[in-house]
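Protein chains in written order, with my numbering: chain E, 539 to 806; chain D, 632 to 1223.
Watch out, some of these pointers could steer you wrong.
[Claimed, not checked] 16 Å max Cα-Cα, derived EDC-like pairs, lysine to aspartate or glutamate: (1) Lys709(E) to Asp678(E); (2) Lys781(E) to Glu1123(D); (3) Lys781(E) to Glu717(D); (4) Lys903(D) to Glu687(E); (5) Lys781(E) to Glu1128(D).
No wet-lab data here; the hints were simulated from the structure.
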Amino acid sequence: MGLVLLVVIWLITFISAYFFIAKTWWLPTGASAAAAGIDHHFATTYLVMGIVFVAAQVSLGFFAWKYRDRASAPPARYMHGNNMLEIVWTVLTAILFIGLNLMSSSIWASERFRAAAPGATQVEVTGMQFQWYFRYPGPDGKFGATKPELIDASAGGESAIGLDTTDPASKDDVVTGTMVVPVNREVELILRAQDVIHSFFIPNMRFKQDAVPGLAIHMHFTPITIGEWEVTCAELCGLGHYKMHGMLRVVSQEEFDKWLAAREAEKQ
Amino acid sequence: MAGGTGGGKTIMATREFAAHEAHAHAAPQGFIRKWVFSLDHKVIGLQYYFLALTAVFVGMFLSLLMRIHLIWPNVHLPILGDIKPETYLTLLTMHGTIMVFFVLTTAPQGGFGNYFLPIQIGAADMAFPVLNMLSFWVTFLAFIAMLSAFFVAGGAPLHGWTGYPPLSALQSAGPGEGAGADLWVISIALFCLGALMSALNFITTTLDMRVKGMSMMRMPLTCWAWFITAILGLLAFGVLFSAGILLLLDRNAGTSFFVPLVVVNGQLAAHKGGSPLLWQHLFWFFGHPEVYIAILPAMGLCSQLVSVFSRKPIFGYKAMVYAMLSIGLLGFMVWGHHMFMSGMSPYTAFAFSIMTMAIGVPSAIKTFNWLGTMWGGRIRLASPMLFAIGFVSLFVSGGISGPFLAQPTLDIPLHDTAFVTGHFHLIMGVASIFGIFGATYYWFPKMFGRMMNESLARWHFWLTFVGTYCIFMPMHYAGMAGQPRRYSQFTELHYLEKLIPLNTFITFAAFVTIASQFFFIFNLFWSMKYGKKASDNPWEATTLEWTTATPPPHDNFGGHTPEVFHGPYEYSVPGAPRDYVMQTDPTTVAAH
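Generate coordinates for the entire structure from the input sequences, incorporating the hints supplied.
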């Protein structure tokens, strides 16, 4: 029985660890400026916690076998513990855990403590059951007013977010169902939700933030790879949660300018 | 009165003994007073246990339907028919709620705690037997209310066990958010009341009802765990109760505690100015300690089993007590780690993150001490010990992913993905369940006077142990690859399609694991009637429950009051006639 335990626990440990080491399933390709740092810290945490995981499981399996009760076994040691060992172990774990935490705090700070750089592409994101809408302020750099009583989700576009077309600032606002941003330029997001909580999740950008009704949450990220990246909702928002998806297109600055100009032209 | 002085010993003056006397009550004779509205903590313990057993099968059945739907979304099931995406959300909501409240909170504390806390400290009953009965019946009512949500118009709610408003606060937000959601909130509020009464009872009993010689530091670690769990319950359930009442008011009385101005389904809702984040703070102020409410009793039990079956004193008894106390204390300072992505101030994330990493330290101490106890022992690999070893393994595996989620930076890609589902199922779900299984195999002889079948128990262990790893380890991989939680299908997003084979594997693993639970349920009921007769102390353990008859008489010690001379883990004491010294043994002087 002891030997079976050893074999099973070790097998579980090594098979689990294998898939982590082989990266059979891993974080999706990183496509934002922050991704490399996050992924690096992810790998560091993996290494450290992986060693603890394997060490603990291997000892557990080994002890279950080595100290199993059998006729030839020596009597159990009568001991109540070892304070020195407890202290060493506690201090080491504390240093390890807190240290890991401090290592990653600068990434968090740069993601969330500072505001977006001046000149960032502004996009307002609105989540509603079960759709994301994106709004650009247009040449005037100002978002027009929205009013809840003007909301008509079935009409889509501007009406879906309740844009007040009588507001002069709203004249050049562009509302789309696909998010398009230029590469290598910071994007400032203003996240809103109309009905329930949603969460704006772009796995490749290592970006996630809840959109909460009643709040306008300012966030930023910098896409560094041109391409199409899937956007999902990561907060349970109702029966269509699983199909609340969108698309982020990261394009060159020229293409972005052209795209935005075309949308403006359509509006006029 | 039952519970006499036993041979005229002159220890009547002690405070513990006075309490012991005052609360003794005569054994009831009629069926209703004996088995239904019983005041006997042992019967109430069994009632809690069988309530949890019913709940666990309901919860497991719901998870089975979920796994089927994920892989075969269009399958037509006999009787139940189709599972729609919204039904899937209902299933996950009810699965989570039933498992967390009616299984993980109910069985280890209400069940085993009720049955064995008084016996292990030498008391005749809990401090407040009537309150105890009331706690159970309120909990029972809560369970009925929860189940009835399935049968009202619109069905059960779909807002998840965390019930975030506005989704949970507005009827129009989705199917099941009408009467079903009201019943859900009412059930949770009732459950909180039951849990509060029970917590008071556990705390008072532990502090006031210990027999002579049973100092706090001589209590088995199970008692410490139940005691600390009760303190957590007292502080946490009151908050959830209040939050539940506020949510009910938002839903039915037009208040706006949690709901700001929103437009749902094209309709402007009649709310203004509320804060959805307020609910999250209140919920997780309860919700995080709740995790420890579920796992602490299993930790206490694991310590007990590892020591008994390794035939060695527990490694670092005091360190174990202090570790549990610090887990209890820190458990109230970490709730914000559920909210890193919520829109809460990012500065507070720093504090919550450091606290969360800190709570990993006492957890690591405990693991170290379990391994330390096994080291140099003479381990009897009977079924309770197998589950204790399984518990340690699962606790490590589930714990190791904690430091990922505790760091806000890494929580960005991982929050609300299957990684989280894998993490908490391993540690608070299955590890706690392994505690419940271990406790069942260990205490069954005392509760029912017979042994459970060892071969069936082993089959049950191996299939469940390997099966749960096959279910929950792959969820970590899926989560890393970005699979969000609570998705009823993986067909809408291109990048999720490649994860379907992994999910199919999980579903088949779930089939096997769920099927293997019948080894347990059959063993449980079969052994009650046909199991081998158990002696009073079949595991050769030292604590007080093994000094009394099997099953224990109404007043636990048959008119005799035990007196305690030793700590609970005196195994393999050099010079002792046997390899264990009972806590009540006055003759042998332990070397410690």
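### Message
Flag every earlier hint the structure violates by its number, smallest first.
### Response
none
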